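Visitor: Next come the chains, spelled out residue by residue.
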Amino acid sequence: MERYKERLEEVKSLLNKDQIDLKRLREICSQSCPNEGGLRSVIWKILLNYLPSDRKQWTEILNKRRNEYRNFVRDMIIRPGYKENENCEIDHPLNSNPESEWSSFFKDNEVLVQIDKDVRRLCPDLFFFQKPTEFPCEEIKNVQDAEIYQSLRKRVAKTQLKADEVSKHRLGFTNYKSNSKKTKEEQDEYAYLPDGQEAHWEIIERILFIYAKLNRGCSYVQGMNEVLGPIYYIFANDPDIEWRRNAEADCFFCFNNLMGLEGIRENFELVLDNTQIGIAANMKRLYDLVRSNDPSVFNILQKQNLKPEFFAFRWITLLLSQEFKLPEVISLWDVLFADKETLDLLIHVCCAMILIQREHLLKGDFSANIKILQNYPNSVEIKEIVEKARNIRRK
Amino acid sequence: MSGKSYQFKIVLLGEGCVGKTSLMLRYVQDKFNDEHLSTIQAAFIKKKIRIGSNSVELAIWDTAGQEKYHALGPIYYRGSNGAFLVYDITDIDSFERIRKWVTELKTSLGDDCILCIVGNKSDLEKNRNVPIKEAEEYAKSVGAKHYSTSAKLNQGVNELFLDISKRMIEKFESSENLESINHQSGNSSNKRNTIQVVDDSVVQQEDKKSGCC
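For the record, the sequence lines run as chains A and B. Quick note on UniProt numbering: the first sequence kicks off at 1 and runs consecutively. Quick note on UniProt numbering: the second sequence kicks off at 1 and runs consecutively.
One chain only, chain A, in its complex shape (with noise of 0.2 Å):
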């Protein structure tokens, strides 16, 4: 207790400064963040490099970054004044141009239904995503000016509107139906909040896609929702109002550049399977780890046949975010996002995690251990395993 005491004080006197000394923040980080005041909010901004360590450029920084991503809503999403039928002539639905803004828009869609499919299911357990936010998109706020604003909520509604009518056409039906998609209950399970309110989860899904068009290569893979969940959990729960009302534009970057740190989007580019960097790479990786460091381990998972891609797959990708409950996995992102290198103390973590259940792992049949492995036990501490994964990188 005493020494939590101390490194919170530590780390109020260090963000209070005008160059702010990252190195030994990561260190005190490396133990996890204090989260008095919003503390780890405005620390994971420094740590995924959103905000410098100089101070004095905060203000201009975040001015910028919020107005840059104002732009790309306004652009991408909202797009005032456009008119669906307006630019008809020149470019059109069947257009078959690869340039044409119809054929990106299609492609679009399919991303966004997608997206929206994933993160209705974000965090089921946890109410916080169904609820409205305190700042939704200012133009969706007015109502009344609904209509001359899009929103990904028409755009979806109205995609899977397109997919009910085209599909029909295509089996021959005639009976066009009018009634919309979803069923009553449906609509009560997965409703919208009225008009001019957003849920969380429509905040995510609205960064999301805005990742996805600025990340062409990319673009949206699944399990990016369960990566930038508790980011935009903490940043949303911040006790300061402004950092609140930012939380969306913040989130964004801060999803960019974690995305960006060395090899983390390559794990969702299964493009890049089999080369240096890929997520099957850092898979070999781990598997290395755990021979090098416990061979009997090793052999019966060899032995067994157990593969790296059922289990190990979901935890590189998603950072162990499906692994542990919510406080715990932001407890090992302090940690993660504190280290220098993600991705290795990523790897590390995961080789600790399979070394913890050795006893359990050496006794089990295949189902046994999968089972283990596929649902790690809640008893493990993110202390040991963490601690655990720093000694075996020590070595």
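It is worth saying that the hints were derived from the structure and are not from the lab. As the structure is a prediction and not an experimental result, all values here were calculated from the model. Where a beta carbon is used, it is the ideal one built from N, C-alpha and C, also for glycine. Don't take each hint at face value.
Away from chain B, derived, C-beta distances all over 12 Å, residues of chain A [what the hints assert, rightly or not]:
id: 1; residue: Val42
id: 2; residue: Ser53
id: 3; residue: Glu60
id: 4; residue: Leu62
id: 5; residue: Asn67
id: 6; residue: Tyr69
id: 7; residue: Phe135
id: 8; residue: Arg155
id: 9; residue: Glu226
id: 10; residue: Asp238
id: 11; residue: Lys307
id: 12; residue: Leu373
Here are the computed distance ranges between Cβ atoms for each label pair [what the hints assert, rightly or not]:
id: 13; chain 1: A; residue 1: Pro327; chain 2: B; residue 2: Lys126; range: 41 to 51 Å
id: 14; chain 1: B; residue 1: Pro74; chain 2: A; residue 2: Arg390; range: 33 to 43 Å
id: 15; chain 1: A; residue 1: Gln304; chain 2: B; residue 2: Asn158; range: 24 to 34 Å
id: 16; chain 1: A; residue 1: Leu362; chain 2: B; residue 2: Arg167; range: 30 to 40 Å
id: 17; chain 1: A; residue 1: Val380; chain 2: B; residue 2: Asn177; range: 42 to 52 Å
id: 18; chain 1: A; residue 1: Gly260; chain 2: B; residue 2: Glu134; range: 41 to 51 Å
id: 19; chain 1: B; residue 1: Lys106; chain 2: A; residue 2: Pro377; range: 32 to 42 Å
id: 20; chain 1: A; residue 1: Phe127; chain 2: B; residue 2: Pro74; range: 34 to 44 Å
id: 21; chain 1: B; residue 1: Gly79; chain 2: A; residue 2: Pro295; range: 24 to 34 Å
id: 22; chain 1: A; residue 1: Glu138; chain 2: B; residue 2: Gln29; range: 39 to 49 Å
Once you have looked at the hints, place chain B on chain A.
Guide: For chain B alone, kept in the frame of chain A given last:
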């Protein structure tokens, strides 16, 4: 007469959000949850059932739906004795996707794998977008059987797993017979590595020892 023990592997394939995980959870735990996470990597569950005097152990693999993860497909369906190709009856695209899976499975597993085409979410019948007749005809044309299920209302789920188990047993027994005939004529076929027939009494002993399940 003491029965036999069989071990079979089943894989669930299909577009995201069609209800693969729900089908598995309904069958194995008799639970249904409207809101659950999207599956990112395949999950494995084992289930033991009795059919008549035989005991059957099912190793069920529930896979992830998204296109980008399909490259991982073969790791999970390799050596499968049965496959559920699941679509959502309100989503025509999810049905179209089934055709690709059928081709892929036929190419890599040949006729070793029993194919079941499963139209899930039958509780949403009024929003049906995939005509049942077309689905059934398609299933027939590729030598598969068509099933309708609702994981939500627990309709057709037990029947589905029971039926595939029976069909896998039949298939196994007939190929055993074939093998012994071939063997007699000196024409032994390829060794099958995924199915083991063990004497029931031996299995029970092993169970006691490991104390599993």
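Visitor: Work down the list of hints and note, for each, if the structure agrees.
Guide: Structure-based check of each hint:
no., hint, in the structure
1, Val42, "29 Å, holds"
2, Ser53, "35 Å, holds"
3, Glu60, "38 Å, holds"
4, Leu62, "33 Å, holds"
5, Asn67, "33 Å, holds"
6, Tyr69, "26 Å, holds"
7, Phe135, "24 Å, holds"
8, Arg155, "17 Å, holds"
9, Glu226, "7 Å, violated"
10, Asp238, "26 Å, holds"
11, Lys307, "7 Å, violated"
12, Leu373, "10 Å, violated"
13, A/Pro327 <-> B/Lys126: 41 to 51 Å, "42 Å, holds"
14, B/Pro74 <-> A/Arg390: 33 to 43 Å, "37 Å, holds"
15, A/Gln304 <-> B/Asn158: 24 to 34 Å, "30 Å, holds"
16, A/Leu362 <-> B/Arg167: 30 to 40 Å, "37 Å, holds"
17, A/Val380 <-> B/Asn177: 42 to 52 Å, "50 Å, holds"
18, A/Gly260 <-> B/Glu134: 41 to 51 Å, "46 Å, holds"
19, B/Lys106 <-> A/Pro377: 32 to 42 Å, "40 Å, holds"
20, A/Phe127 <-> B/Pro74: 34 to 44 Å, "39 Å, holds"
21, B/Gly79 <-> A/Pro295: 24 to 34 Å, "27 Å, holds"
22, A/Glu138 <-> B/Gln29: 39 to 49 Å, "45 Å, holds"
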